[in-house]
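A.B. asks: If you want the building blocks of each chain, they are given just below.
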Amino acid sequence: MTSAENYAVWTSELTKQFGGQTAVNKINLAVPKGSVFGFLGPNGSGKTTTIRMLLGLADATDGEIELLGNKMPKQAEQALPRVGALVEGPAFYPYLSGKVNLRRLDSASKNADPKTREQRIDRALAKVGLTNAANKKVHKYSLGMKQRLGIANALLQERDLLVLDEPTNGLDPQGTREVRNLIRSLSSDGTTILVSSHLLSEIEQLCSHVAVMSAGKIVAQGSLAELQAQNQTYLKVVTPDAEKTLKALTDAGMKPKQETKHGLEIFTSEVEHGFDGDEVLRKLLKAKIKIKSFAVEQASLEDRFVDLTGEGFDVVQ
Amino acid sequence: MSSSNRLGMSLVWSELWVLFRRWRTLAMLGAIALIPVFLALAVYWSSDTLAPGEGPPFLDRVSQNGLFVGYTSTILALPLFLPLTIGVVAGDTIAGEANQGTLRYLLISPAGRIRLLITKFIGAIAFVIAGTATLMIAGAIIGSILFPVGPVTLISGDVISVAESVWRMALVASYTTVSMLGLVAIGMFISTLTVVPVGAMAATVVLSGVSQILDNIPQLELIHEFLFTHYWLGFVDLLRQPIDYASFGSNALLQLAYVVIFGALAYSRFASKDILS
Ligand SMILES: Nc1ncnc2c1ncn2[C@@H]1O[C@H](COP(=O)(O)OP(=O)(O)OP(=O)(O)O)[C@@H](O)[C@H]1O
Ligand SMILES: [Mg+2]
Chain B
1 MTSAENYAVW TSELTKQFGG QTAVNKINLA VPKGSVFGFL GPNGSGKTTT IRMLLGLADA
61 TDGEIELLGN KMPKQAEQAL PRVGALVEGP AFYPYLSGKV NLRRLDSASK NADPKTREQR
121 IDRALAKVGL TNAANKKVHK YSLGMKQRLG IANALLQERD LLVLDEPTNG LDPQGTREVR
181 NLIRSLSSDG TTILVSSHLL SEIEQLCSHV AVMSAGKIVA QGSLAELQAQ NQTYLKVVTP
241 DAEKTLKALT DAGMKPKQET KHGLEIFTSE VEHGFDGDEV LRKLLKAKIK IKSFAVEQAS
301 LEDRFVDLTG EGFDVVQ
Chain C
318 MSSSNRLGMS LVWSELWVLF RRWRTLAMLG AIALIPVFLA LAVYWSSDTL APGEGPPFLD
378 RVSQNGLFVG YTSTILALPL FLPLTIGVVA GDTIAGEANQ GTLRYLLISP AGRIRLLITK
438 FIGAIAFVIA GTATLMIAGA IIGSILFPVG PVTLISGDVI SVAESVWRMA LVASYTTVSM
498 LGLVAIGMFI STLTVVPVGA MAATVVLSGV SQILDNIPQL ELIHEFLFTH YWLGFVDLLR
558 QPIDYASFGS NALLQLAYVV IFGALAYSRF ASKDILS
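Here the protein sequences line up with chains B and C, keeping their order. For the first sequence, counting from 1, position 212 maps to 212 in the numbering used here; every step adds exactly one. Count along the second sequence from 1, then add 317; that gives the number in the numbering used here.
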């Protein structure tokens, strides 16, 4: 991991302090080229702060950043034209229409060709389904419409990297699905995508890689498969026969947890990864135990996330 | 890529477009236009004529020659109203974008911090030009409607032609524009310090008031010529025959110094600023 070449985003010991508080604490982020990289973490864990540093909006207190092979913030002029971003929600001139807003932000870029501007704007608006609202003033946009316009802004040019900070925030189910499809199709064109989100099922469906932040630190990072491989596997049995099941499972060498729901007993027991339930099922059936449901399940990303970042609801700092 | 874009002109055009399409900007220009209109109407309807020298300079001449409306309005607008509108525009430059959140999107576009700052400065100057031109043009229009227009008698007693008088109006507007450059630079610097545009606007306007008060305290005479408001009323020298350009020169030099100093401060602040809004 010493070479930054294969990474669209690479940081070394990246740190940001606000006064006495360390919002980002020596993180080594490595986003492989071509990946869809999920950036997770509870509220206040430092995701947006990290993204701000990556894009040269905020100076790092310490550490190094390479963005598409360019040192940030020194070589921002080379790197940023190749990056589209949505940072901490969309922001626009409320008194201008969606289209005029995009025109404004596009003309801010020295690298944007004015000749193709209108065409690129129309295409970006179409991609996010805003063609019909293009000439409406942004102060009349709904939350999700603004979010879509923010994504359209990130798509104004062909990009090598998209940084999307909570892109589906406020979107309706159709919008969420469209963004998911959009990310997939952009990714298949070779664009690297760094996406932060709290919707773990989204991330699970979408991402090839993940990093989890907690209180300014990266507590897990790697391919989604790697992370899921570390997830606990469970055997789950739902039955009306509490005692017999408990005995059978204990005999099979398990230490099941038991809970009662709607008059049924639910037994869950940690088992090894790749556990084959056939034999246990056969034993239960042989003992004439009534079984409502029998399943070998893997803990979800959400469970893993809570494992890594703690149960507590209160923000850490 | 077109050459105009390589120079970054796209952003300048966009800045002007956004600034002058804004309802607030147009309202302020409209309010500026009302100064000569009210002035002319007041003079037109007041029955008693002023004795020469009574009231603000030139007020007594307005009813004799409509071309004086623009000059007199400039005198009325200078202490408060013009700096107020300019404080609003200059104070809003960076803080307004930061407050709205658009600053982060301009910068990752990437606009470039220096380029954005210069663009904002150009936009604010464009507003000053529009403001002073509005005073003169609205003054000339209402003056020529209500009062006779003819050769103008200057303070010195010399008479200049109408054409010459129009030229002098352009000179006065330029003088006033130059006068405001220091204020624009100060306002932009303050604007880089905060994400609350109203705060930056208020501070800028207050500073122009403070400077004018200091300029009127005789005990502080030593510093008077360094105050950015010191030469503001010096434009009357352009209405002498022959024209006295001395105060134009001193004023330009002083304003340049303010632009350099506060431009550098704004740059050093903005170049290293964390954009957290
Ligand atoms: N401008 C600021 N000044 C001081 N502290 C800040 C500032 N911005 C963020 N912080 C602190 O830095 C920490 C990380 O904030 P950040 O916005 O990066 O979190 P996040 O992971 O994006 O959270 P969320 O999921 O809520 O978006 C928080 O403790 C926050 O209070
Ligand atoms: Mg955030």
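No lab work stands behind these hints, which were simulated from the structure alone. Keep in mind the model is a prediction, meaning the values are calculated, not measured. Even glycine gets a Cβ: it sits at the ideal position worked out from N, Cα and C. Careful, some of the hints might be misleading.
Which residues of chain C face chain B? A few of them, derived with a C-beta cut under 8 Å, are [as the list claims (entries may be wrong)]:
id	residue
1	S331
2	S426
3	G429
A.B. asks: Which numbered hints turn out to be false for this structure?
C.D. replies: none
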